[in-house]
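Asker: Spelled out from the first residue to the last, the chains are:
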Amino acid sequence: MAFHPIPGPASEPGSVAFPSLVYVQGNDQRSITLDHTPFTVGRKVDKDLVVPDPRVSRDHALILSEDGEFYVVDQGSKHGTFVNGERVQRQKLQRNDRLEFGVRDVAYIIFHPMHATSNTAREFLSQISGIHISTETTDLEKLTLFLEAARKLNTVGVLDEILVTLIDVTLKLTRAERGYIFLKDEQGKLHLGAGRNYKGEPLLDDKTISHSTLDEAMRANSEFLITDTSQSLDLAGRQSIVAFDLRTVICIPLRKPQVQTTRGTEVPLATPPTAELLGALYVDSRFASRDITSVSNDILRAIATEAASLIENARLVQAEEAARRYQQELSIAASIQQKLMAVTIPEVPFAKLRGRNLSCKEIGGDFFDAVNTDDGLAVVLADVSGKGVSAALLANTLQGMIYSQLTAGMPLPEIVAAANRFFTHKHIGEKYATLIIARIRRDGELEYVNCGHIPPLLVCNQEVIRPAHGNLPVGLLADATYESDRCSLHPGDRLVLVTDGVTEAENARGDFFEDSRLEAVAAKSSTLEDIFSAVANFCGGTPLNDDCTVVELLYTG
Amino acid sequence: MTLKIETRTADGITVVSCNGRIVFGEEATALRDTLKKLLGSTKRILLNLAGVTYIDSGGLGTLVGVYSSARSAGADIKLIGLGQRLRDVLQITKLATVFEVYDNEQQALAAFQRGAA
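In order, the protein sequences belong to chains A and B.
Position 481, counted from 1, in the first sequence is what the numbering used here calls 481; the numbers after and before it change by one each time, with no gaps.
Position 95, counted from 1, in the second sequence is what the numbering used here calls 95; the numbers after and before it change by one each time, with no gaps.
Hint data in this document are derived by calculation from the structure and do not stem from the laboratory.
Virtual Cβ for every residue (Gly too), placed ideally from N, Cα, C.
Do not take every clue at face value.
Lysine-lysine pairs mimicking DSBU-like chemistry, simulated, CA-CA at most 35 Å apart [said to hold, decoys possible]:
| no. | chain 1 | residue 1 | chain 2 | residue 2 |
| --- | --- | --- | --- | --- |
| 1 | A | Lys-189 | A | Lys-207 |
| 2 | B | Lys-94 | A | Lys-352 |
| 3 | A | Lys-426 | B | Lys-37 |
| 4 | A | Lys-199 | A | Lys-184 |
| 5 | B | Lys-94 | A | Lys-189 |
| 6 | B | Lys-4 | A | Lys-426 |
| 7 | B | Lys-37 | A | Lys-184 |
| 8 | B | Lys-43 | A | Lys-189 |
| 9 | B | Lys-43 | A | Lys-426 |
| 10 | B | Lys-94 | A | Lys-256 |
| 11 | A | Lys-256 | A | Lys-207 |
| 12 | A | Lys-92 | A | Lys-47 |
| 13 | A | Lys-92 | A | Lys-184 |
| 14 | B | Lys-37 | A | Lys-524 |
| 15 | A | Lys-426 | B | Lys-36 |
| 16 | B | Lys-4 | B | Lys-94 |
| 17 | A | Lys-189 | A | Lys-199 |
| 18 | B | Lys-94 | A | Lys-339 |
| 19 | B | Lys-43 | B | Lys-4 |
| 20 | B | Lys-43 | A | Lys-256 |
Chain B stretches covered by chain A per the calculated footprint, using a threshold of three residues with CB under 8 Å from any CB of chain A [stated by the list, open to error]:
| no. | segment |
| --- | --- |
| 21 | 53-64 |
| 22 | 91-104 |
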């Protein structure tokens with residue numbers, strides 16, 4: 001049986017053969033794989049990247065590769081080539097470099113963007129926000145641009161960095177004194193995600209905020225909540241507001257964005273108040289300092305919408321990273337599993353054993369094993385129900401149990417009874433295995449136990465015998481009992497074991513290979529290859545649904 | 001999803017008809033969930049498998065699993081409509097003796113009535 005590691009996403013730093021380019025033009029963004037060099041940029045239509053702008057020269061620039069490094073080379077353009085804002089003739093490229101060609105701020109390339117690490121994420125965010133906002137842009141537009149760019153580029157990997165940046169921006173826009181983000185955990189409880197004051201210092205303690213306002217905002221169906229304590233006697237009575245001299249509190253519930261769409265330049269529609277709450281953004285000011293009641297509702301609404309989608313996006317990125325690590329773990333597990341399942345066939349003078357497995361795409365549950373014991377050469381062929389990792393896990397456990405008991409010289413029926421007790425006792429639930437253990441002695445006596453498996457083929461003088469002996473599968477019913485069967489082999493006799501992937505191999509018409517075809521080919525030929533080629537011929541091009549395993553034990557005497 | 005499950009009542013017995021493939025994955029899960037839910041309100045289920053075109057090892061495991069847990073909970077599941085393939089599989093796996101199988105719905109319903117009397 002085979003366990004194929006699933007290839008992880010190609011975003012892992014260092015493992016990528018070709019760097020990627022992210023081309024951003026206005027609100028559009030696309031990824032380009034730099035799979036050949038020189039990569040040409042210009043206004044001419046035959047360029048690899050065509051930038052249709054009069055300020056871009058027809059042959060503007062090239063990206064070259066030399067000794068594994070990448071360089072951008074200006075081709076004598078009129079308006080210049082820029083790397084991170086500096087005009088260059090030839091420049092070695094680093095990851096995350098920003099390349100511009102003639103047109104500043106309108107269109108640019110990010111060279112091989114990195115999944116941001118904690119110290120670069122914010123730099124990168126502020127870089128984007130800093131560069132392409134003109135002086136006439138309003139605060140609201142700035143925020144929208146900023147958040148939109150960050151979200152689209154998807155380079156922000158660390159949620160904390162997002163939160164801090166978001167608070168900083170919000171404080172700047174609202175001119176509030178302190179800002180906090182609270183995030184809901186899986187149990188629905190709010191936890192402090194990040195806190196900052198207007199000087200950019202971290203605030204780790206949320207005791208001095210108005211929790212009643214926060215709670216009210218979380219319960220309310222509004223997009224945001226502003227409380228001005230100078231206007232309301234009722235509010236002034238609230239403990240924290242009095243104790244901490246709070247004047248204005250703004251609390252914005254963050255709701256999960258309903259549909260993720262590529263938006264144009266218009267202000268996004270507000271998320272319906274029924275949407276799932278992710279947390280809340282809280283800012284306040286004290287009496288003694290700033291007045292923040294004059295903040296425009298548009299800004300608050302934009303923050304509410306964009307902040308929520310930014311956080312949701314950051315969470316998705318985090319989940320992706322976790323999934324990537326999980327994939328790595330899984331491929332390590334897969335390689336261990338493959339080593340466990342590798343069979344070294346023991347050499348004995350009286351018998352020859354061969355086995356072959358043809359894996360289908362999905363991970364199957366077939367395995368076979370061979371053990372030389374004092375009582376003869378033992379062979380195990382099993383098919384664990386189901387597919388995937390769960391089947392592989394069970395196959396490993398079963399293999400280990402059987403191996404150790406075979407080497408300990410246990411009788412075959414006791415080995416399978418013990419495995420059955422173990423599986424049913426552990427309540428693995430609907431997982432079971434059909435298996436055959438056969439053991440041949442030097443004198444030709446064959447003992448085998450069949451647990452719900454396809455009957456073995458006993459080939460004596462080109463005649464195929466299918467013994468009727470059988471027991472229940474292992475792992476289905478706790479009270480199952482097991483018996484073995486015996487027969488005597490003569491030199492030249494063969495025992496052929498298969499899994500149901502062979503007999504149930506389908507052709508294009510949906511017919512199965514069936515026992516009859518298997519018996520016919522097994523009678524004629526003593527090579528496994530002939531059986532596999534008969535299956536392949538029968539199937540035509542139809543792919544296998546299940547692993548096919550064939551094991552042949554030849555008694556030579 | 002390649003399995004359609006329909007439920008009706010005949011003579012006070014819940015008849016569950018399966019059409020399609022009972023295979024490891026969402027099909028087997030759907031069958032298990034349907035039967036488990038029904039077993040919350042009835043102790044007698046007639047499972048009609050006449051429309052089942054294929055049952056794989058995972059599907060068989062589900063069938064046995066639900067069957068034996070229903071049994072141990074004092075419920076009764078009878079099977080009808082077993083195709084030749086399923087009969088073969090039950091024969092190979094020696095599970096034919098585990099299930100209570102009838103040729104048609106009338107016989108199975110009659111058996112339920114006898115059991116209840």
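Asker: Confirm or reject each hint.
Answerer: Comparing the hints with the structure gives:
About 16 Å separates the Cα atoms of A/Lys-189 and A/Lys-207, which keeps this hinted pair within 35 Å; it holds. Simply put, B/Lys-94 and A/Lys-352 have alpha-carbon atoms about 30 Å apart, close enough for the 35 Å limit, and the pair holds. As the CA atoms of A/Lys-426 and B/Lys-37 are separated by approximately 24 Å, the hinted pair is consistent with the 35 Å bound. Proximity of A/Lys-199 to A/Lys-184 is assessed by CA-CA distance (about 26 Å); at most 35 Å being required, the pair is judged to hold.
At roughly 53 Å between alpha-carbon atoms, B/Lys-94 and A/Lys-189 are farther apart than 35 Å, so this suggested pair is violated. At most 35 Å may separate the alpha-carbon atoms for a hinted pair to count; B/Lys-4 and A/Lys-426 meet this at roughly 32 Å. Taken as a hint, the B/Lys-37 and A/Lys-184 pair is honoured in the structure, with Cα atoms around 33 Å apart against an allowance of 35 Å. Only pairs whose Cα atoms come within 35 Å are accepted, and B/Lys-43 paired with A/Lys-189 is rejected, the gap being roughly 42 Å.
For a cut-off of 35 Å, the pair hint linking B/Lys-43 to A/Lys-426 stands: about 26 Å separates their Cα positions. For the hint linking B/Lys-94 to A/Lys-256, the alpha-carbon distance of about 53 Å lies beyond 35 Å, and the restraint is violated. Between the alpha carbons of A/Lys-256 and A/Lys-207 the distance comes to roughly 26 Å, so the proposed pair stays at or under 35 Å and holds. For the hint pairing A/Lys-92 with A/Lys-47, the CA-to-CA distance comes to about 21 Å; that is within 35 Å, so the pair holds.
The hinted pair formed by A/Lys-92 and A/Lys-184 fails the criterion: a straight-line CA distance of about 44 Å is larger than 35 Å. The hinted pair formed by B/Lys-37 and A/Lys-524 fails the criterion: a straight-line CA distance of about 52 Å is larger than 35 Å. Under the criterion of a C-alpha separation no larger than 35 Å, the hint pairing A/Lys-426 with B/Lys-36 is consistent with the structure, at around 21 Å. Restraint check for B/Lys-4 and B/Lys-94: the C-alpha separation of about 27 Å stays at or below 35 Å, so the hint holds.
Of the supplied pair hints, the one linking A/Lys-189 and A/Lys-199 holds, its CA atoms being roughly 29 Å apart against a limit of 35 Å. With a C-alpha separation of about 33 Å, the suggested pairing of B/Lys-94 with A/Lys-339 holds against the 35 Å cut-off. For the given pair, B/Lys-43 sits about 22 Å from B/Lys-4 by alpha-carbon distance, which is consistent with the 35 Å threshold. Distance hint between B/Lys-43 and A/Lys-256 is unfulfilled; the C-alpha atoms sit about 44 Å from each other, more than 35 Å.
Counting residues of the segment 53-64 of chain B whose beta carbon lies closer than 8 Å to any beta carbon of chain A gives 7, which meets the minimum of three for the stated coverage. Restraint check on the segment 91-104 of chain B versus chain A: 5 residues with Cβ-Cβ distances below 8 Å, three needed, restraint holds.
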